[in-house]
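From the two separate chains plus the hints, produce the assembled complex.
Taken in order, these protein sequences are the chains called A and B. Residues in the first sequence are numbered from 1 upward in steps of one, following the working numbering. Residues in the second sequence are numbered from 1 upward in steps of one, following the working numbering.
Hint data in this document are derived by calculation from the structure and do not stem from the laboratory. Just to be clear, a hint being listed does not mean it is correct.
Here are the computed lysine to any residue pairs in the SDA-like style, where the Cα-Cα straight-line distance is at most 25 Å [to be verified]: (1) B:Lys36 to A:Lys99; (2) B:Lys36 to A:Phe33; (3) A:Lys112 to B:Thr122; (4) A:Lys99 to A:Glu133.
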Amino acid sequence: MFIQFREKTSKTLGQQFLQSVWQCCAMLLLAVFLGFSINQFRDNRLPLFDDWSMETRLTTPSGVRLEISLIEAKNLFFQQAAVMIDARPNDDYEKGHIKSAKSLPWHDVEQKFMEVTKDISVDTPIITYCDGETCELSHHLANFLLDMGFTNVRILVNGWTKWQHADLPIDKEVSD
Amino acid sequence: MTNKRKNLSRFFYHSARLILGVIFIYASYDKILHPKAFAEVVYNYQILPGGLINVTAIFLPWLEILMGVFLIVGVWMPGTIIWCNTLLVVYIGALCFNLARGVDVNCGCFSTTKGSSISIETILWDVAFLTLSVYLFFVVFGSKFNEGSK
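Bound conformation, chain B alone (with noise of 0.2 Å):
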């Protein structure tokens, strides 16, 4: 592989690492700021018993930042990729499930506050981040960044 070819996978590497770092920070923030109307999010999603809301409610902003985080800064990339393409696969399905029933929710991606009901357009940018993790794992678990993923 070229050098220039070489700097151009970095460069991609690194961008989509920052970008999906920020989102996952943005979309932590507010509900950990506001865990009641996030608990009402996960409620209104009507997939998990009522036993596990609150406690989903309280830790999943947690993990959503320490993910963030991780990207931002380069650290235990393996784990954090895989939780990511998880959630992310996670939250689609949800998503899917809910309009493919006809239940109209707020979708609580970035903000806990209504006024943001799930849509094609939600589940789209979904897969958008999607590809992009997607894309991390290949990296991370291909063997072109692995002195830098570890």
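With the rest of the complex left out, here is chain A (with noise of 0.2 Å):
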């Protein structure tokens, strides 16, 4: 009666093993089908591959690229010549930011975008910036400033690390 039971029990285990496996190639195939056949017919079709390279996200479509050195944002910044707007959340800005940077969070940058822009003319120069090679803030940041119609922006890539390792004038939180 044990063997019994444990024959019925691995035998109903292996099918349920194997109607898994089945279920889930169905369900990808499937999934697969429909997304790549609905993709072929809609209006914002996304290409099945794209250049994703940093390089191309630097660039604006128009050919300009968006990428500005440290020595020439350094030089900006003591000329006065730039706005420097720091794209991390509120919590990072109030730690520690480039000094007299203005602070526009890309998550609430629909909120604070009027507040924080009022003072700056459209052709002023702009450097965004956060923190990380692989940080895109600052890119959707300066992508969003050009749709609304500022000329002239510029990412300062890992700005935020860049600055204070050449030791250049920060704002510091001051811990007790």
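And the structure:
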């Protein structure tokens, strides 16, 4: 009776395993079929492959390169010719930021955009930055500002770290 | 098992199934409507190579919606539950990975628009969904509801 039970159980488990495998494969194939066929017929069709390289992402559709070097950014900063905008969340900005930089967190951009940019003319050089080589907040913010009509927007990639390592002026929260 | 306990177990099973089903459908529809924005979200996680980003953004929301529908209707439960557990584990792993390395990305969990950056709270929500999914796994692959899971 015990053996019979074991045989019955193992058969059921085996069947269940096979059933799961074919169902998983069928669901994946169905999702791929639905996704790709509907994508072919939609207006906002997504190409199967895009160029997601950093170089492409730092270049506008008209071919203007958005990245600015630390030296260029430093020169504009000391000439007081550019507005630095920090795209990180407000907590990070409060802990420390490039001296006199404005805070416009990407996640709150729609609420804070008008208030932060009201004193900036559209042709003023603007440098956006965040932290980390892979940080996308400054890219998103730069593209948003370009869409909003600002004509001279650049990105200092990994700006916060680079700025600190170069011992350039910062405002930092004083810890107790 | 008494009838009362059986009914209670059935109630939990069907509730978990419906809750997870609605969550997956809700999570997928915005991604289906805005494939480009979802591809951006996938890119921002900085995990997949460039060649897989658009492909993933095209099929993944459809897999989620299929899972949601199948959970609600109650068909192909073994396969659906395996996908639920797999995807939730992958999502939690991706969230933890980015949170640990300090990359501030839009979660993209329920919406492709900005404003929902990843946090411990996001991970806890996903862990709660995974708990439901693991519960369903044990129910479906246990003996109690085999007849209802085929």
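Results for each hint:
With a C-alpha separation of about 36 Å, the suggested pairing of lysine 36 (chain B) with lysine 99 (chain A) is violated against the 25 Å cut-off. Restraint check for lysine 36 (chain B) and phenylalanine 33 (chain A): satisfied, since their Cα atoms lie roughly 19 Å apart, inside the 25 Å limit. A C-alpha spacing of about 24 Å is found between lysine 112 (chain A) and threonine 122 (chain B), which places the hinted pair at or below 25 Å, so the restraint holds. Between the alpha carbons of lysine 99 (chain A) and glutamate 133 (chain A) the distance comes to roughly 21 Å, so the proposed pair stays at or under 25 Å and holds.
The structure does not agree with numbered hint 1 stated previously, though it agrees with all others.
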